[in-house]
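Participant: So the protein lines, in turn, are chains B and F.
Quick note on our numbering: the first sequence kicks off at 1 and runs consecutively.
Quick note on our numbering: the second sequence kicks off at 1 and runs consecutively.
Since the hints were made in silico from the structure, they are not lab data.
There could be a bad hint or two in this list.
Away from chain F, derived, C-beta distances all over 10 Å, residues of chain B [said to hold, decoys possible]: (1) Lys20; (2) Glu31; (3) Asn69; (4) Asp328.
Cross-link-like lysine to aspartate or glutamate pairs, in silico, EDC-like; alpha carbons within 20 Å at most [said to hold, decoys possible]: (5) Lys116/B <-> Glu474/F; (6) Lys410/F <-> Glu67/B; (7) Lys511/F <-> Asp316/B; (8) Lys503/F <-> Glu31/B; (9) Lys20/B <-> Glu447/F; (10) Lys410/F <-> Asp150/B; (11) Lys75/B <-> Glu499/F; (12) Lys503/F <-> Asp24/B; (13) Lys116/B <-> Glu481/F; (14) Lys511/F <-> Glu314/B; (15) Lys503/F <-> Glu39/B; (16) Lys98/B <-> Asp24/B; (17) Lys511/F <-> Glu29/B; (18) Lys75/B <-> Glu474/F.
What you are looking at is a predicted structure, and each value in this text was computed from that prediction instead of being measured.
C-beta: ideal position from N, C-alpha, C; glycine also.
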Amino acid sequence: MTDKIIRIRNLTKDIPKEAKTLCDAVLRELENANRPVLEAVKCSLDNSEYDPKVGYLTPGDKRVRTELNVSSVQKMARVVFLLEILLDNLKSGMVNTKREVYYISKGKVKGTPSLKPLDFADQDESDSIIDFIGDMMEVYREELNCFANDRGGQTYSQQLVVTETLPDGETATIDLSTLGTSPFQPKNKPQALKLKAKKKIDFCLVVESEGTAGTLVANGMTKRHNCIVMGAQGVPSNGVRGWCKLIQNQIKVPIYFFGDLDAYTMQNIFRTLKAGSAASLIRNSDFSAPEVRFLGVLPEDVKKYDLYCYPVKENDQAEARSLKKAKDALANDPFFQDKKNRRLAAILEWLVKNKLRCEQQALFSVNTKDPLMAEKIIVDKIKSGSFV
Amino acid sequence: MTKKITSSSTAEYFAKNLQQVGFSSPTKAVLTTLKEAVDNALDACEEHDLLPEIRVSIKKVGSGASKSTDLVEIAVEDNGPGIDPDDLAKVFGEYLASSKFGRGQCTRGQQGIGISAATTWAQLTNAMGARVTTKTARMRKAVSAIVDVDIKGNRGVLKKKDTIDWDIPHGTKVEFRIDGRVQLNGDGGLLTYLEGTTLVNPHLTLHYELPDLETKTVERVSQVLPDVPSATLPHPHTMKLGEFMTHAHLYGKVDFSKFLKTGFSRVTDVTIKEFVKNGMPRALVDKPVMRMSEEEFKTAFSVIQKTELQQPSTRSVLTVGEEALSKSILRLGEVDFFSVMTRKPRICDFKPVVVEVALARFLDRGAGDEPVQLLRFANRVPLQFDKSACAITKAVESVNWRAYGLGQSKDSLPLGPYVFAVSVVSPFIKFKNASKETIDGSDELIEEIRRALMQAGQKLSRHIRKESREADLERKLQHIEQFGPILVEGLVRIVGAPESRKKRAEDGLKKLLGRDTRDAEAALSDAQTKLAALKERERRLGIGGNVEEPDAEDRAGGDAAASGSPPAARKGKPGGTSKASKAAGEAVSARFAATTTKATGPASTSATSTGKKA
């Protein structure tokens, strides 16, 4: 029952059956004294491919192979251990977060002393095994009933109506205009949500800082404009990425991203929203919104509005790292290397060359007598096509 | 109106610039004073073929006259030849009065500045120079006097000269009372200096008494005096054109060939034929030096430079030697294992240089995550300041120590409880300053030091590799025991497989992992064999330190005895591991089976029989 509700896509795989087949094959190899091999998609930048027609990062041919030997026997035993926990969850319809799975594993170890060697020292260890299981079976973590905390994506609109199919088959309708000052918090189960616009929506604005998104709304942006305003809260979670994809596909409004002008925002936040990430290659198809545009802060905005910039100090470790990141992205990231995104790459080049960064809140320094100046600039940029 | 130009004496210059010769702070003043006195004592003993026995005493005797200093008494007594009373004033009170200046020898002292500077510092801070007591073999009574520096005249002045009874055949004792501060440990510490000095002087017996520490005696481990290198003729490749021409004119009327043969080392009739072959005009060879033109000198010089010559004589440089260094390093503390390397002499910066390296891991000093302790030596004198600018430090940092099993961040000192001692010996070491604290290194010199370090590192890595193989085997055995049964049980539960499949999978897994263990054992055995071969070679060369022969049991078990690891260490760290792991390796199948039995309960019969089979 729950299986249907939490489905994120129309998966043709029977996960428990596939897992059993896989374990059977491993067992058979052991019986024959052969070394079983577990294979998974290699989820890293060097195995990422970008096709502008597809619009998001997809996996290449590289695979991670784990062959059983004395060094990998621990990993294999842990994979089987967590797989069993996840299969139990699928069977009973229970869902958990990664952290909860970590604690479930702790509980199992406590109850069965012979499992002690499998004990995870910290959550990172169990997380990487869960990710490996997902990559190995080529299923989303969410399809293994393991959900992340629904962080970010607070959404405001006077026109948007969301219809959610609930676990018991009932539906709930949420008219965002009736929520007062509260935002709508999207859940990471896009298949269960249907969107409708009461009135034509002109654009959707995703703001990197949820605080700034809140300010724009509090100052009346959603009242003055037929729009959706959303706070990304930093690097977009799967929930935010799936939600943006849903808005893009179902109500077909142009989506604009507005954030800081720095390498971190460009590569970690905007690229992840638009084309997914290297770590989640197998699910970028459902968790990226390729049509989202970069509204700013653009290098030309810095000049046009005389925005305050911070110099990037190369002797500051964190800032030097961000500069290196920009250089790496230009050299290795297929997204920025594609000619379709050359204007985005040009922004990274500008950052490397000028060694400056400008925060999104710098818009508030323009004409301090007008509290609506930031909104005006944003709307003006959308209207005039000042985006990438 | 032009100002009147005055000239000042050498002593005046140094009195005003004592910081240039090591007296830049109260802490350094104590160390430099000690260093100068000990250097002189060692040089004197070696020059007269006496095995040095030195007594050092440093005491705080009151408050210093300057702010936040102590009045520190530094006394150094040696069993050297003693000093002729007529020379006392010159030795301790006159700058640039040296028996060693410009001789082309690898002595510790070179210019005759250090000890006079110490006297000056004592005089400036405590209004009294050096108190010296000395007795030569020919004297019945010792002479005691205070030497002051007459700063205006750059000469020593004797005061309170007296003859006293001194119950030793010969020797010198010098005492200074100076304003200073005592620092024992760390890069600039007195203890670090004394340890370094004992390390590179295996023939030295040292007694020392330092504040807050018990009196200690470090006995000599070598009865052999280092051959003090006699002043040899320069090597033709050590000169620049100008020097070459000046040198030639000292020889006057002789033929050019005779000048070459008598004025340089490594030039013989055969070499001269080589010169001619390489383009030196034959007529030039027989031409008197006095009649040679500048152009002819240039031609000859360039031919000489491009002709390959035998390297400079080893006799012109001085080495501690791998054997003596091996023995000496054991005096520093409980050594786990070590590696020493003496390079052959080479020309760097046109001068003969010998580099020696000792790397040792100690059981009782340093920590795994701290940088190694780097001891630098130039002509057997510890260098204790301005580490980062020194050629030795640069060379150490340029080596990739990770390849030898040590931790290291990029371009920095490696990490671990190691002492790295690097000694550079050369008749003319290029220092960065008059206080001789850092070696100025050309790329050539750094490369030479680097090679020595890498060779020593390779030896060291044999020890480290064996240890890591042992740990590796132990870890693998543990893994198999721990995870094998759990993996099989998990798979069986998910698949819902019957007991028979479980049993077959356990057997299969055991076979698989048994192969891995055998591989690990083979790797360990290989590492042990290589280490044993290295130690055997070192033993044959007599550079094993005070090391016991490996006993029969150890040999059979391939254990860690031998040259690089002293007996004390064997009782400590890795000794037991390898035996345990070997035994464990043999019993792996049985242990695996036993664990399986515990986990599965009723299947005990079959599991035990599996164990027997294995």
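Participant: Which hints from the list above does the structure break, by number from lowest to highest?
Facilitator: Hints 1, 2, 3, 6, 7, 9, 10, 11, 14, 15, 16 not satisfied by this model.
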